[in-house]
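Asks: Chains A and B are the protein sequences, given in the same order.
The working numbering applies: residue 72 is where the first sequence begins, and numbers increase by one.
The working numbering applies: residue 72 is where the second sequence begins, and numbers increase by one.
What the hints contain is simulated information worked out from the structure, not anything from laboratory work.
Check the hints yourself; a few may be wrong.
You can't tell identical chains apart in this list, so a pair holds if it fits in one copy or across any two.
[Unchecked claim] Each computed DSSO-like pair below joins lysine-lysine, with the alpha-carbon atoms no more than 27 Å apart:
no., residue 1, residue 2
1, K229, K447
2, K352, K447
3, K330, K312
4, K147, K379
5, K312, K229
The model shown is predicted, which means the values in this text are computed figures rather than measured ones.
Chain by chain, the residues run as shown.
2 protein chains.
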Amino acid sequence: MAYDLPLTGVTILDVSRVLSGPYCTFLLAQLGARVIKVELPETGDDSRQFGPLINGVSGYFASLNRGKESIGLDLKADADREIFEALLASADVLVENFRPQVMDRLGYSWQVLHARYPRLIYGSISGFGKQNVDNSEPAYDIIIQALSGIMSVTGKGKGDFNRVGVSIADLSSGLFLAIGILASLHKLQTSGQGEIIDIAMLDSVLSLMEYPVMRYSTSGLSPGPIGTYRPAIPPPFGLFKTRSEVIVIAAGNDRLFQKLGDALPLDHSFMERYRDPEVRKDSETALTLEIETVLLQRDAPQWIAILKSHGIPCAVVNDVAAAVSLPTVKNGRLLHRPEAESDFPFFLVSSPIRFPLDDQVRDPGQPPGLDEHREKILATITAAQHSS
Amino acid sequence: MAYDLPLTGVTILDVSRVLSGPYCTFLLAQLGARVIKVELPETGDDSRQFGPLINGVSGYFASLNRGKESIGLDLKADADREIFEALLASADVLVENFRPQVMDRLGYSWQVLHARYPRLIYGSISGFGKQNVDNSEPAYDIIIQALSGIMSVTGKGKGDFNRVGVSIADLSSGLFLAIGILASLHKLQTSGQGEIIDIAMLDSVLSLMEYPVMRYSTSGLSPGPIGTYRPAIPPPFGLFKTRSEVIVIAAGNDRLFQKLGDALPLDHSFMERYRDPEVRKDSETALTLEIETVLLQRDAPQWIAILKSHGIPCAVVNDVAAAVSLPTVKNGRLLHRPEAESDFPFFLVSSPIRFPLDDQVRDPGQPPGLDEHREKILATITAAQHSS
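Given the sequences, and given the hints that come with them, work out the whole structure.
Replies: Spelled out as C-alpha cells, the structure:
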C-alpha cells in the first residue's frame, strides 16, 4: 500500500522570506503539506539573489524552497490582496516572519484574520516576539546569537567567543514554529478554532541553552565555553590533535580512561598520576598535552581504528566533504541529488524526519520559479469558490 | 474563556533518558500532553545523578523533566512488563532513545507493538537511525558534532574547530522527533493507524547544516568556519573588540557601511579605500583591525548606544548572566522561577512556543521524584480497564 505523507491535505500559505519561515515550511512540505509561497512580484524572496547562482537559481533559495509552489503577489495592491484573501479562505496555516508591525500595517493582523478566517492558524517568527511590541530591532541571526549568550558558551576557553557555524537562531525558531503549528492543528480538530503562535528567535536559542541557563541559575556564575565547563564529566573528553586531523575522544569515566591507557598505550606512571577523576578534572590542560604527545605519532584514521578496537568512543572531526561522504549519509536518503538536467543539479539536504513505513525514495521537488504556479494556484481558488 | 493547551488529552509514554528524548517530551508536556516517564526502579533516568544536586535534585534532570509523571518499571521483569503494556494500551505515543537494538531485545519492537496497539505512534531517536542497523556505535553529542562537520564550520578561521556550546545533536533530534510525532498525530485522525518515526542525530545536525552542505555541493570545497566563508555578505559583519566586551556589528551592505563611517567616525581616506564591497571582502582582516583601533577607545555599552542611534544593527556578545538579564527575557515568560520552598528553587527555561491567546502564566511543574506518580498512574490503568 502506498504510504501517504502525514500532512497530505494541509495547505500552508507562506509569506515568509530568507531562512526561519522558509526552513519551517520546507520541513512541513517534506511531510506532505502543500506550501504556497507568496512572493514579491518583481524580486521574490530576497534569498533568490543570494549566491551562488547556478543557471540563475540561488543555491541558498534552492536549499530551503524545494517542493513549494510560488505566486507573485503585491500585498499592497488591491487586486493582489483579493487573491491573497481568497487563498487565506482555503488555507489551514499562514506563516510569516516580518518585523512585528508589518502584517498589522498590511491589514492582516491576527485579530483581523481570525475574525474572517476562524479556522486559520497564524504562525509568526520575529526576533523578540510579536507580542513584544517594544522591541522591533533588526534580528539578524548573528545579533540573536550574540544577545542570547550562545556565542559565549561556544569556544575553547574563557573569552573565546564563536558564532555557531549555522544560523541556529533562524533554524531553531523555524523548528519551534513547526511544532507550534502542528500542535495547533491537533487542537483545531476539536476546537474548530485556529490560533496564533508567536515565536521569538531569542527565546528559541535560549531554549537550546537550557543547560547553560541552569548552570548559571544554580551557581550565579556564567558558564564559559563548554570546553572549560563540564563539571559532570572528567577528561579526557573533547578534541585532541593527531599527526593529521583533529579527533574527538570521549573517555569520560574511569573504565574508558583505563581502556585508553591500554589503547595508546599510556605508561604506568601517567595512569597512576591521573587515576583519580578529580585530578583529571583539575589538570585537563596538562593531561591533554601528554595524551597528544602520543597521538601526534600517528594519523587520525589509524588512531580511530585503534581506539574503536578498544571500545573507546571517538570520531574524526570531519569537514563537510568528509561528513557527506560517510557511508550512512551517502547511502541514506538525507541527501537528494536531482536529475542532471535540473536547473540546480546539486545534492541538498532533505528532511531528517524519517517514517520507516515509507519505502519510497522521495524527491523533495524543485525550487519554484518566481510566480511559477500562478495558474495552478488561481485554479484552486476558482474550484474552491465553485464548491462553496 | 480559559485557554486549553493544544495537546491536552494526549498521553505520551516516555522511556527515554538523559537529553534528546526528554527534551522532546518536555516541550510536548509544556504544550499540554501528559508525559508518563518510565524509569529504572532503583536509579531512574541516568541524568538524576548529574550535578549540580540541590536538595538531592539534579539541575540537569530538573531542566528537562518538569511537568512529567514518573513510574519506576523494570522492563525485564514480568510484573512490570504487564504494567508497561497496560500503559501502552492507553498511550498515544511512545518515545525511546535507546541504542537501535534495545527495544527489539525487550520484545518491544515496532512490529510487535504495532500489531498489538495499532494506533500507537512510536518515536525513536538514535545516533544513526534505527533503520541503520549496521551502525550501533555510541552516539554522544560530541561524537555526532564531530562526524557531522558542524564543528568544522564553527570557529574563527581555517582549522579552528569548536564544539557548539550546547548539545545540538541531542536537542535538534528532540525537536525533529516532536515534529514527526505531531505530524503523525495529525495523520492518525484519518488513518486510524500509528506509525514509527526514526530520527537519527547525525541526520538532524546535517539538516541544520543545509547551508554548508549546499556550499560544498556547489563548489566541491568544504566551507571553513562561517567567519571566513560568507561570500554573500561583505564585511564589516561579525565580532569586534571594544575597550570592554566584544560586540557584533552587522553592517553588511554599502548603506550600513556608510552609516558606520559616520557613527564611529571613520576618516575619509578609510571610507574611500573600502568603498567597494569587493575590496572589503578581500581585506576583511585589515578592515577589522582598523575599525577595532577606533572601537578600542570606548566601552561596549557606549558603542552600542552610538551605533543604534545611527541605525546600525549591533549587539554586545552577552554571557549567560547578561542574556537572562535582558529586559525582554527577564520580564517575559520564558524563565520560570519556582516557589522558594520548592526542592529546586532556581529559574529554568520553559517552552519558547508561545500562544498569545493563552494569558495565564504557566508553571512548568516540578521535576518528578523517581516513581512519584505510581499510584496515580496505576489508577489510570484500572480506570481504563473498567471503562473498556
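Asks: Does each hint hold? Answer for all of them.
Replies: Hint by hint, here is what the structure shows:
1. Taking identical chains as interchangeable, the C-alpha atoms of K229 and K447 are never at most 27 Å apart, the minima being 56 Å within one chain and 47 Å between chains.
2. Taking the closest pair of Cα atoms, K352 and K447 never come within 27 Å of each other, the shortest separation being 63 Å inside a single copy and 43 Å across copies.
3. In this homomeric assembly, K330 and K312 come within 27 Å of each other (Cα to Cα) only inside a single copy, at 19 Å, whereas the closest approach across copies is 44 Å.
4. Proximity of K147 and K379 under a CA criterion of 27 Å is satisfied in neither setting, with 62 Å inside one chain copy and 30 Å between copies.
5. For a Cα distance limit of 27 Å, the shortest separation of K312 from K229 qualifies both inside one copy, at 20 Å, and across copies, at 15 Å.
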